[in-house]
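Asks: Take a look at the letters that make up each chain.
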Amino acid sequence: MEQVIDIVLLAFMVVVALAMIHLRNLFAVVMLSGIFSLLSAALFVVMDAVDVAFTEAAVGAGISTVLMLGTLALTAREESPRPRRHALLPLAVVTVTGAALIYGTLDMPHFGDPDAPIHQHVAPRYIVDSPREVGPPNMVTSVLASYRGYDTLGETTVIFTAGMGVMVLLGGLRSRRRKRRDPASPGSDTGETRP
Amino acid sequence: MLETVLGLYNYWIVIVLMMAGFYTVIARGNLAKKVIGLNIFQTSVFLMYITMGAVEGGTAPIVGAGTTLYSNPLPSVLILTAIVVGVATTALGLALAVRIRESFGTLEEDEVLALEHRMDGEA
Numbered sequence: 001m002e003q004v005i006d007i008v009l010l011a012f013m014v015v016v017a018l019a020m021i022h023l024r025n026l027f028a029v030v031m032l033s034g035i036f037s038l039l040s041a042a043l044f045v046v047m048d049a050v051d052v053a054f055t056e057a058a059v060g061a062g063i064s065t066v067l068m069l070g071t072l073a074l075t076a077r078e079e080s081p082r083p084r085r086h087a088l089l090p091l092a093v094v095t096v097t098g099a100a101l102i103y104g105t106l107d108m109p110h111f112g113d114p115d116a117p118i119h120q121h122v123a124p125r126y127i128v129d130s131p132r133e134v135g136p137p138n139m140v141t142s143v144l145a146s147y148r149g150y151d152t153l154g155e156t157t158v159i160f161t162a163g164m165g166v167m168v169l170l171g172g173l174r175s176r177r178r179k180r181r182d183p184a185s186p187g188s189d190t191g192e193t194r195p
Numbered sequence: 001m002l003e004t005v006l007g008l009y010n011y012w013i014v015i016v017l018m019m020a021g022f023y024t025v026i027a028r029g030n031l032a033k034k035v036i037g038l039n040i041f042q043t044s045v046f047l048m049y050i051t052m053g054a055v056e057g058g059t060a061p062i063v064g065a066g067t068t069l070y071s072n073p074l075p076s077v078l079i080l081t082a083i084v085v086g087v088a089t090t091a092l093g094l095a096l097a098v099r100i101r102e103s104f105g106t107l108e109e110d111e112v113l114a115l116e117h118r119m120d121g122e123a
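Residue numbers (full-length UniProt numbering), protein chains in the order written: chain A, 1 to 195; chain B, 1 to 123.
Don't read these hints as lab results, they were simulated from the structure.
Incorrect hints may have been included.
[To be verified] In silico lysine to any residue, SDA-like type, Cα no more than 20 Å apart, as pairs:
no. : chain 1 : residue 1 : chain 2 : residue 2
1   : B       : K34       : A       : L169
2   : B       : K34       : A       : L72
3   : B       : K34       : B       : V45
4   : B       : K34       : A       : K179
5   : B       : K34       : A       : N25
6   : A       : K179      : A       : L74
7   : B       : K34       : A       : V94
8   : A       : K179      : B       : E102
9   : B       : K34       : A       : V66
10  : B       : K34       : A       : V15
11  : B       : K34       : A       : L74
12  : B       : K34       : A       : E79
13  : B       : K34       : A       : I63
14  : A       : K179      : B       : R101
15  : B       : K34       : A       : A162
16  : B       : K34       : A       : L23
17  : B       : K34       : A       : P90
18  : B       : K34       : B       : E108
19  : B       : K34       : A       : I21
20  : B       : K34       : A       : L18
21  : A       : K179      : A       : L169
22  : B       : K34       : A       : R24
23  : B       : K34       : A       : L91
Generate the whole structure from the sequences, applying the supplied hints.
Replies: Next up, the structure:
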């Protein structure tokens with residue numbers, strides 16, 4: 001039963017992804033990307049990764065969608081139609097890469113195989129010892145905050161840096177916009193608005 | 001044969017999604033669309049990790065009475081980190097797109113390149 005849900009949800013995701021490529025109305029594409037994230041969150045629940053599922057639902061389907069809508073509000077809603085003569089080369093690249101990757105999966109352990117190498121290394125230690133060594137019944141929490149705490153520290157550093165970057169890039173956006181609307185300001189006719 | 005297809009189906013779909021994202025990044029000129037393509041690519045990688053961590057008949061890795069078989073907690077941890085970092089990079093990419101649109105008045109890659117070329121010619 002789980003496998004049926006898995007197959008159907010993955011098929012939905014492919015359909016949504018193809019629709020996202022096809023559509024040129026960016027508002028619709030952003031809405032579809034929210035649906036895409038929500039479908040992946042449902043899949044994470046089916047595959048027993050509940051922590052990932054609620055993070056994806058909150059961050060992927062929520063915050064990302066809001067960020068993209070904000071971007072559309074500040075830029076354009078439509079993607080311009082483009083001559084199709086360049087589409088052949090990317091398609092060839094994608095097909096060849098995809099074929100190589102699929103060839104690479106042929107000797108992967110099958111889905112749900114308990115003897116796969118990934119389950120033999122550190123995972124048994126986390127599963128057996130973490131409730132005693134760290135405390136929380138949720139092993140994901142134990143690993144995230146304790147065994148791999150430095151990872152999480154690095155993650156917060158990345159977020160901090162990205163936040164700084166966004167502030168530096170967008171700081172003063174409103175005042176620059178006001179200046180552009182004012183016809184007396186220099187440089188408004190070329191579209192060049194750097195102060 | 002059917003067993004192989006069912007066992008590897010998740011990976012194949014992951015690769016299809018990954019290539020859909022890759023195609024959007026390299027074939028589309030709109031910068032916002034490129035960021036969305038990167039997001040599709042990212043989600044496919046998340047799915048690949050979680051697929052590898054799942055165990056047939058296992059439960060979520062939370063200690064409970066009467067459960068002995070758990071799915072692997074490690075991919076979940078790695079992907080939790082990756083989701084949050086992913087949204088940070090998305091925000092940065094979108095901010096760059098907004099800034100480019102502000103300076104050049106367009107989000108289309110070829111138009112931006114043409115404008116830049118013209119500016120270089122004037123300078």
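Asks: Please go over all the hints and tell whether each is borne out by the structure.
Replies: Against the structure, the hints come out as follows:
Among the hinted pairs, B:K34 with A:L169 is consistent with the structure: their alpha-carbon atoms are about 19 Å apart, no more than 20 Å. For the hint linking B:K34 to A:L72, the alpha-carbon distance of about 13 Å falls within 20 Å, and the restraint holds. Restraint check for B:K34 and B:V45: the C-alpha separation of about 17 Å stays at or below 20 Å, so the hint holds. At most 20 Å may separate the alpha-carbon atoms for a hinted pair to count; B:K34 and A:K179 exceed this at roughly 30 Å.
Between B:K34 and A:N25 the alpha-carbon distance is near 14 Å, which keeps this suggested pair within the 20 Å criterion. Only pairs whose Cα atoms come within 20 Å are accepted, and A:K179 paired with A:L74 is accepted, the gap being roughly 16 Å. Of the supplied pair hints, the one linking B:K34 and A:V94 holds, its CA atoms being roughly 15 Å apart against a limit of 20 Å. For the hint linking A:K179 to B:E102, the alpha-carbon distance of about 12 Å falls within 20 Å, and the restraint holds.
As the CA atoms of B:K34 and A:V66 are separated by approximately 17 Å, the hinted pair is consistent with the 20 Å bound. Straight-line distance between C-alpha atoms of B:K34 and A:V15 comes to about 18 Å, which keeps the hinted pair within the 20 Å bound. Using a Cα cut-off of 20 Å, the hinted pair B:K34 and A:L74 holds, with the two alpha carbons roughly 17 Å apart. The straight-line distance between the Cα atoms of B:K34 and A:E79 is roughly 11 Å, inside the 20 Å bound, and the hint therefore holds.
With a C-alpha separation of about 18 Å, the suggested pair B:K34 and A:I63 falls inside the 20 Å cut-off, and the hint holds. The suggested pairing of A:K179 with B:R101 holds, with an alpha-carbon distance near 16 Å, which does not exceed 20 Å. Taken as a hint, the B:K34 and A:A162 pair is honoured in the structure, with Cα atoms around 18 Å apart against an allowance of 20 Å. The suggested pairing of B:K34 with A:L23 holds, with an alpha-carbon distance near 13 Å, which does not exceed 20 Å.
This hinted pair checks out: B:K34 and A:P90 have alpha carbons roughly 14 Å apart, not beyond 20 Å. Note on B:K34 and B:E108: the hinted pairing holds, with a Cα-Cα distance of about 10 Å set against a maximum of 20 Å. For a cut-off of 20 Å, the pair hint linking B:K34 to A:I21 stands: about 10 Å separates their Cα positions. For a cut-off of 20 Å, the pair hint linking B:K34 to A:L18 stands: about 14 Å separates their Cα positions.
Our distance criterion of 20 Å between C-alpha atoms is met by A:K179 and A:L169, whose separation comes to about 17 Å. Of the supplied pair hints, the one linking B:K34 and A:R24 holds, its CA atoms being roughly 12 Å apart against a limit of 20 Å. The straight-line distance between the Cα atoms of B:K34 and A:L91 is roughly 15 Å, inside the 20 Å bound, and the hint therefore holds.
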